[in-house]
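Sequences listed follow chains A and B, in order.
When the count follows this note's numbering, it moves up by one through the first sequence with no breaks and lands on 436 for the last residue.
When the count follows this note's numbering, it moves up by one through the second sequence with no breaks and lands on 399 for the last residue.
For the record, the hints were derived by calculation from the structure and aren't laboratory data.
Keep in mind that a hint or two might mislead.
[Stated by the list, open to error] For lysine-lysine, the following DSSO-like pairs were computed, each having C-alpha atoms within a straight-line distance of at most 27 angstroms:
1) Lys427/A / Lys373/B
2) Lys313/B / Lys427/A
3) Lys209/A / Lys189/A
4) Lys373/B / Lys315/B
5) Lys327/B / Lys356/B
6) Lys388/B / Lys313/B
7) Lys433/A / Lys327/B
8) Lys346/B / Lys373/B
9) Lys348/A / Lys346/B
10) Lys398/A / Lys356/B
11) Lys388/B / Lys433/A
12) Lys346/B / Lys398/A
[What the hints assert, rightly or not] Pulled a few chain A residues facing chain B out of the computed Cβ check, cut under 8 angstroms:
13) Gln63
14) Thr302
15) His372
16) Asp373
17) Gly388
18) Met393
19) Val431
20) Phe432
21) Lys433
22) Leu434
All C-beta atoms, glycine included, are put in the ideal place defined by N, C-alpha and C.
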Amino acid sequence: MFLPESTIDSVPQYANVSASANDSAIVSSCKSSFPLLVSQPKLVYFDSAATTQKPQEVIDALQDFYETANANPHRGVYALSVSATNAYAAARETVAEFLGARNEEIVFVRNATEGINLVMHSWAQQHVKQGDTILLTEMEHHSNLVPWQVVAKEKGARLDFIPLTPEGLLDMNVARSLLMKKPVLLALTHVSNVLGSINPVKQLVQLAHTVGAKVLLDACQSVAHMPVNVQEFGVDFMVFSGHKIYGPTGSGVVYIKKELHAELVPFLFGGDMIQEVHWHDSSFAAMPYLLEAGTPPVAEAVGLARAIDFVRALGWDWIQTHEQELMITCLNGLRAMPQVKILGTTTPAMRSGLIAFNLGDMHAHDVASVLDDAGVCIRSGHHCCMPLHEKLGIAASCRVSFGVYNSREDIVAFLNALTKACEVFKLEQ
Amino acid sequence: MYQEMILDYYRNPRHFGELDSPDVQHREANPLCGDIIEVQMKVKNGAVNQACFQGKGCAISQAAVSMLMEHVQGKPVSEVHAFSKEQMLDLLGIPVSYARLKCALLGFKVMKMCTCKHLGRELGEGFA
Ligand SMILES: Cc1ncc(COP(=O)(O)O)c(C=O)c1O
Chain A
8 MFLPESTIDS VPQYANVSAS ANDSAIVSSC KSSFPLLVSQ PKLVYFDSAA TTQKPQEVID
68 ALQDFYETAN ANPHRGVYAL SVSATNAYAA ARETVAEFLG ARNEEIVFVR NATEGINLVM
128 HSWAQQHVKQ GDTILLTEME HHSNLVPWQV VAKEKGARLD FIPLTPEGLL DMNVARSLLM
188 KKPVLLALTH VSNVLGSINP VKQLVQLAHT VGAKVLLDAC QSVAHMPVNV QEFGVDFMVF
248 SGHKIYGPTG SGVVYIKKEL HAELVPFLFG GDMIQEVHWH DSSFAAMPYL LEAGTPPVAE
308 AVGLARAIDF VRALGWDWIQ THEQELMITC LNGLRAMPQV KILGTTTPAM RSGLIAFNLG
368 DMHAHDVASV LDDAGVCIRS GHHCCMPLHE KLGIAASCRV SFGVYNSRED IVAFLNALTK
428 ACEVFKLEQ
Chain B
272 MYQEMILDYY RNPRHFGELD SPDVQHREAN PLCGDIIEVQ MKVKNGAVNQ ACFQGKGCAI
332 SQAAVSMLME HVQGKPVSEV HAFSKEQMLD LLGIPVSYAR LKCALLGFKV MKMCTCKHLG
392 RELGEGFA
């Protein structure tokens, strides 16, 4: 699983990287839209996979909503409540269009974790039976593992896991044979938040559908970095967290394919999700309101929609080229350090802009502490993937992950800080 | 934080290992980082006769528990039980950032659980 030497084409070393003029102009203008990064110009923020920084326009959208349109949506007949209702509806339209979905297929939640729990309660609890199988992968985040453990225990179902190849990709041969066992559900991540691997979602969905399995896609690590179109993938359920795509915390999205709407039961009960209420029973609203009980996170949804506009304005071409370049530069810089062990595949095309690694015999926390002293923010720990780390035979790892605001200068600063860490820890250079 | 001494304790831990038939032992993990520490003690005439630890984790957590094991050797269990967080941090002798306090105090907490078990006491406030 560790990066073998000499598998990456030799690209110039980090010391003499020079950003293309065009790219660096866009990066600096892009960076200048992030107030936190402007006010802390020395900070190197390399933890976008955990949460991204927020552009001014998203912050403004939240403030603007509260200053001009705030009221409880769906509940008032007065004009202000209508403007809140409209803002919320417009946010849903933006999300739906971005994902290639219909408005009623989009449910707002707080985050991806809540989204997966929603699918668990609203669909899986009714459809998973004793003796059934739920198919996952060995690279799932705890959020896409623990809910399924609960369902499996409750229902007497079993969990199977698509294993990884030594390179850190899904083993598609085993995936095929596991799918032949006809699982009811395949729940998988689009991009691994540890290995960076990009999974062949379209192919897996086709295979899953031929055996009658439904597919839930966890798009947390892809939605800000590459196009995610629910129709193209053909997935049945999809979740992501708004805070990982430059949006506010408390904004999450669940997509549920229209064909499944008749099979859903509510997740939470109460106000807003009802049609008629009597003393002893009630009838429920249609999708998406069926799954949105209580006053929704309106400002957060509005902020998320603005974040999506921000991403669209930059465009996938630029975002993907920029982040691939950062990733390749960083991979090569890391590879030049003999003490670094990189996790995951070495084929840049199979990888997104995040890289996990370990430094010599040092624990990831120690490395992150030393980098922090140099103003470089990296993640350390198991990244909510304990079983995967166990499988790799390591307790923890360091992880860098990129956003649109990162530059090659950031990578140089990071690699210099890492070299410094080797000195502090007295690792052989 | 990473003075020579800390790295030395990390790479060459003192009192690392397992006791034959410990009188008391406790094991705990830090779910945030996956660090694990187990402490074992033998008690003779109310004093710590032997103390050792096993586990894996960052330099701070491993060095801290190793120093602690050295420190409690031969001391009365009641005195070890009264040992405070502040004393633990003094013993470690380096400034520990807020984010790393849990690492620095994991072994201390595990040892505290051992003395609690031995003395039949409850763990006091402030141990989340
Ligand atoms: C792949 C993946 N799935 C799920 C999550 C959970 O996201 P959240 O904590 O926002 O619910 C994350 C984020 O940490 C993730 O990386």
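Report task. Would you list, in rising numerical order, the hints stated earlier that this structure does not obey? Result -> Hints 2, 4, 9, 10, 11, 12, 13, 14, 22 contradicted; others consistent.
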